[in-house]
Amino acid sequence: MKKKQLLAVAGTVAVAALALTGCTAGDSGDTGSDDPIRVGISLPLTGDFAEPGTAIERGYQAWADMVNEGGGLLGRQVELVIVDDQSNPDKVVADYEKLIGQDQVDLVAGPFSSRLVIPAARVAQEYGMAFVEPAGAAADVFNQGFDNLFYAAPAVADDHWNHLVEAIVAMPESERPTTAAYAVMDDPFAMGTAYGLKAKLEGLGIETLADVVYPPTTTEFTDIAAKIAATKADIVVGGTQYQDAVNQIVALRQLGYQPKLAAYSAAPTNPEFANAIGGATDGILAPTAYTPDASYPSNVAFVEWYTAKHDAAPSEDEANAYTTGQVIQAAVEAVGCAEQGECQQKLVDWLHGNTVDTVVGPLSWDANGRPQGAHLIMQWQDGEIKIVFPADAAEGEFVYPKAAW
Amino acid sequence: MLSVSRVVRIVTLLVVAVAVVTFPQWAPNPYILSAGVVVLIYATLSTSWNFVGGFTGYMSIGHAAWFGLGAYGTGLLIARLDIPSFAALFISAAIVGLIAIPVGLAALRVRGISFVIVTVALLLVLQLVFQGLADLTGGSQGLVVPRPFPDLLRPEHHAVFFLIFTALLAVNLVAWWAIDRSRFGLRLKAIREDEDKAQALGIPTRAYKLSMFVVSGVLAALAGGLYALWFGDLDPIFVFSILFSVYAVLMALVGGIRHLFGPVLGAVIVGVGAEFFKAGFGDTQLHLVLTGGLLAVVVLFMPDGLIPAARDLIDRFRPQQSSIREVTVEQLREAERQGNAGIDAQEVGK
Amino acid sequence: MSLALVLQSIVLGLLLGGAYALLASGLTLYFGVMRVIQIAHPAFLVLAAYLAWDVHQKFGIDPLLTMVVMVPLFFAMGFLFQRVLISRLRPRTLEMMSVLLTFAIALIIEGLLGFVYSGTQRRINLPYSDASIEIADVHIPAVKLVSFGLAALALVALYILLSKTALGQALRATIQHPEAARLVGINTERVAGFGFGIGLATAAVGGTAMSLNATIYPSLHWHYIGILLAVIVVGGLGSVWGAAIAAMVLGVSQSLLQLQLGPIWAQTFFYVALFVTLLVRPQGFFGGRLAQRF
Numbered sequence: 001m002k003k004k005q006l007l008a009v010a011g012t013v014a015v016a017a018l019a020l021t022g023c024t025a026g027d028s029g030d031t032g033s034d035d036p037i038r039v040g041i042s043l044p045l046t047g048d049f050a051e052p053g054t055a056i057e058r059g060y061q062a063w064a065d066m067v068n069e070g071g072g073l074l075g076r077q078v079e080l081v082i083v084d085d086q087s088n089p090d091k092v093v094a095d096y097e098k099l100i101g102q103d104q105v106d107l108v109a110g111p112f113s114s115r116l117v118i119p120a121a122r123v124a125q126e127y128g129m130a131f132v133e134p135a136g137a138a139a140d141v142f143n144q145g146f147d148n149l150f151y152a153a154p155a156v157a158d159d160h161w162n163h164l165v166e167a168i169v170a171m172p173e174s175e176r177p178t179t180a181a182y183a184v185m186d187d188p189f190a191m192g193t194a195y196g197l198k199a200k201l202e203g204l205g206i207e208t209l210a211d212v213v214y215p216p217t218t219t220e221f222t223d224i225a226a227k228i229a230a231t232k233a234d235i236v237v238g239g240t241q242y243q244d245a246v247n248q249i250v251a252l253r254q255l256g257y258q259p260k261l262a263a264y265s266a267a268p269t270n271p272e273f274a275n276a277i278g279g280a281t282d283g284i285l286a287p288t289a290y291t292p293d294a295s296y297p298s299n300v301a302f303v304e305w306y307t308a309k310h311d312a313a314p315s316e317d318e319a320n321a322y323t324t325g326q327v328i329q330a331a332v333e334a335v336g337c338a339e340q341g342e343c344q345q346k347l348v349d350w351l352h353g354n355t356v357d358t359v360v361g362p363l364s365w366d367a368n369g370r371p372q373g374a375h376l377i378m379q380w381q382d383g384e385i386k387i388v389f390p391a392d393a394a395e396g397e398f399v400y401p402k403a404a405w
Numbered sequence: 001m002l003s004v005s006r007v008v009r010i011v012t013l014l015v016v017a018v019a020v021v022t023f024p025q026w027a028p029n030p031y032i033l034s035a036g037v038v039v040l041i042y043a044t045l046s047t048s049w050n051f052v053g054g055f056t057g058y059m060s061i062g063h064a065a066w067f068g069l070g071a072y073g074t075g076l077l078i079a080r081l082d083i084p085s086f087a088a089l090f091i092s093a094a095i096v097g098l099i100a101i102p103v104g105l106a107a108l109r110v111r112g113i114s115f116v117i118v119t120v121a122l123l124l125v126l127q128l129v130f131q132g133l134a135d136l137t138g139g140s141q142g143l144v145v146p147r148p149f150p151d152l153l154r155p156e157h158h159a160v161f162f163l164i165f166t167a168l169l170a171v172n173l174v175a176w177w178a179i180d181r182s183r184f185g186l187r188l189k190a191i192r193e194d195e196d197k198a199q200a201l202g203i204p205t206r207a208y209k210l211s212m213f214v215v216s217g218v219l220a221a222l223a224g225g226l227y228a229l230w231f232g233d234l235d236p237i238f239v240f241s242i243l244f245s246v247y248a249v250l251m252a253l254v255g256g257i258r259h260l261f262g263p264v265l266g267a268v269i270v271g272v273g274a275e276f277f278k279a280g281f282g283d284t285q286l287h288l289v290l291t292g293g294l295l296a297v298v299v300l301f302m303p304d305g306l307i308p309a310a311r312d313l314i315d316r317f318r319p320q321q322s323s324i325r326e327v328t329v330e331q332l333r334e335a336e337r338q339g340n341a342g343i344d345a346q347e348v349g350k
Numbered sequence: 001m002s003l004a005l006v007l008q009s010i011v012l013g014l015l016l017g018g019a020y021a022l023l024a025s026g027l028t029l030y031f032g033v034m035r036v037i038q039i040a041h042p043a044f045l046v047l048a049a050y051l052a053w054d055v056h057q058k059f060g061i062d063p064l065l066t067m068v069v070m071v072p073l074f075f076a077m078g079f080l081f082q083r084v085l086i087s088r089l090r091p092r093t094l095e096m097m098s099v100l101l102t103f104a105i106a107l108i109i110e111g112l113l114g115f116v117y118s119g120t121q122r123r124i125n126l127p128y129s130d131a132s133i134e135i136a137d138v139h140i141p142a143v144k145l146v147s148f149g150l151a152a153l154a155l156v157a158l159y160i161l162l163s164k165t166a167l168g169q170a171l172r173a174t175i176q177h178p179e180a181a182r183l184v185g186i187n188t189e190r191v192a193g194f195g196f197g198i199g200l201a202t203a204a205v206g207g208t209a210m211s212l213n214a215t216i217y218p219s220l221h222w223h224y225i226g227i228l229l230a231v232i233v234v235g236g237l238g239s240v241w242g243a244a245i246a247a248m249v250l251g252v253s254q255s256l257l258q259l260q261l262g263p264i265w266a267q268t269f270f271y272v273a274l275f276v277t278l279l280v281r282p283q284g285f286f287g288g289r290l291a292q293r294f
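Protein chains in written order, with the numbering used here: chain A, 1 to 405; chain B, 1 to 350; chain C, 1 to 294.
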């Protein structure tokens, strides 16, 4: 008898639970012309990428608010449906699955970090959605055969440092740096930038004295720094995201290492960076997609709006998200629709064939979504970020060798 | 001859089975279907964990190690050696079985606490190794596993894998059920209740424990391999996840580790509960607090799980048993066990 | 590879080992008094570091001062933790269930930290953050020296407590033979509570030391649990001094291996040492009279 009850209990609970799961299904989906256009986005608002993730969120929000203030998109309001993926690829897939399958959003936009972009883009691809993303720069992203993906920034990770390489080539032979050391996070984006630069520096005959890869969870950098410092290399290259760059630089300074050139990806463009490393920023270089001072018309409007609202100019992450919004907006306006189904393929086709003017300049893409431009190079000078390359965008003279930190 | 109780039991089982198998037809949208696949994965992993946890009483909190090895094994065989998807799945599970033998010998050599340490350490070291072997596994950049059915649309893909996972879960359950009823199973439970006495009675405890360890590992590897085929992207940090392991344990404990359907019930409750929590409270770190809280409550107040607790509750509202013949040997044994446990507790209380 | 770099690595390894020794001493105490592996120990460590960070952030108080409040607070938490939660578990399944219970506590702490402070990585910026002492080409960062000093002080205090006081005697008796200890009138259950209190007090000191130099984030504790398990197994379960020696040996080995193999493979060394110990010498290499019974 008892076994029977047991089964009955188990059975009822299971059926009830399955039925309940069914009940949570949303019943949205119809897209009348007055309904808002809903854009589904999954972002890492907590976890490893929380810092840049929230910056991206501000950028998307700024875009939606500005569009709505200007009368909306195709006359409809834009509504962002943002969910948190906790920096976890399992979650990111479930999130997009839910946004597309259950919430029936009209458009999707990309998450942050190359690591999360690939799984997310696959979901979008398999549901036939166009996928514009602000932060998947690594080469791998574009080798997956996606034909629905567009990276809304000027260049892929491997090419971020190209302008710096040109500048080194332009130096007189005798003044050029001759040795380099690399400390790189095991992360597709960080590796892309650092090893893209490494390949080009080695091509110039600059010798690699150390190359350390560390896991994304590393917090103890003294050992790594000791290895870098012992080389006394002219150049130190950090393939970094954010906090690891801060830790690296502090540890290198503790060990008394003074490179002539310090090149770090991502972190130096973050507004918190100077405080975090205790102010000794002078001379540090970083590639950036964006400068608030750029004269593109849409950028002037964006910076003005953003500064009025947040009391600070937008940084790179905000700008990248805003750019993503601009790209989607341009495609939707050109094609004249925003919904799931056939419309998505029209958006994809239009983006493959056209150039979009954005806050980071005009963008166009190859068949796999690679943007066809180059990143700016910035340098910290007197506590401020100055664009130093390319020459036509430069706001300051490139300082080499850098001052002691 | 079929007794009434037996008929009711079989009918209930059939109804549930039909409801589950037809789920892809009546699931309202592909997202719910994919959530169903996730619950099935949990149920499978938790049931496979229960071969060791339930029968021998050894609690592994590194069970995801086998899941991860199965997933990466399958993924690497397909992506690097071009072996057909489902052949890769079974080859990988067999390899995991071979790996489980020496690991099991080391882990089961010393009792209790060392077992826990070895299982955690194995999981953590595998996470590092699969990050470290970046040339082979792709490291933190992840491994992309080609789809077995490239022509299927995503909703169809989910439907197919829902059925495949259901089949794997059924295999798990039938195997557990068969062992549970066998003399072999009885001896395993003797190990759980008192390993020294079991050994004194002539049960080769080590071989018994090891066999369960390997079976449990292979079944988890199959679940992992299927996961690789279904999900398509592997990342060491998330496949060899300690949290994932603990979910398997939590689910088994919630349902009841001494019961065939305990882990499945736990997976449904925890999996569906998590979905509701997310809908109600959004995605905050509070889900960790909730998971931890649930685990603590179960460990402190309900270590035998929901099934015995619910059964006790129902019994309270039933008339007393009318016929002595309805008490089975198993029930007597259970009653005896509980009686003993009560005495233990009293002694300790002094 | 230069000699200076090797020397530098050895020094850094010793400093790191000192920190591990302090962290492992707590785990060893819990195991000694209750036969419990406290998975939540590193989570409490991270909690202490967050509190130190928060106080520094809000009031600008140096973590070394915050510690004066934190140590008694954590002692009380540990005592209550044992009396209210751990002592409730059935003795027959204590070993397994305590792992799950402490795991649950770790998850709750991590979740609350993430909820309150978000997942963002944090670090305290102290005036002496990038100061260092240079001796013959070897740089010793000041914060690391302070951390090491804290660990050494705490371990010495623990030694005095265990060997010179009545409580220490009761603790050691409980560790060595609980039944006999009860026979001579020691209230072993209360003593176990004190053991947990002292264990968490070491976590408070360790967390403070950690907050001086390292970056913290809520899920950081997973990084430590494996390392600490390796230390206490290699040292011999239940032996504070065994764990301390093992911590130094493993710390220096990690630091040196890192030079050749890089950070990822150097970390796996801890687990290799753990597996080898369990296979070859389950009672540990440096002490562990106790562990023979397991």
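Hints may contain errors.
[Claimed, not checked] Pair ranges (Cβ atoms, derived):
1) A170/B x H177/C: 47 to 57 Å
2) L161/C x H310/A: 48 to 58 Å
3) W305/A x L261/C: 35 to 45 Å
4) D54/C x T355/A: 29 to 39 Å
No wet-lab data here; the hints were simulated from the structure. Idealized CB from N, CA, C, for every residue including glycine.
Quick rundown of the hints versus the structure:
no.	hint	verdict
1	A170/B x H177/C: 47 to 57 Å	holds (51 Å)
2	L161/C x H310/A: 48 to 58 Å	holds (53 Å)
3	W305/A x L261/C: 35 to 45 Å	violated (51 Å)
4	D54/C x T355/A: 29 to 39 Å	violated (49 Å)
Of the numbered hints stated above, those contradicted by the structure are hints 3, 4, listed in ascending order.
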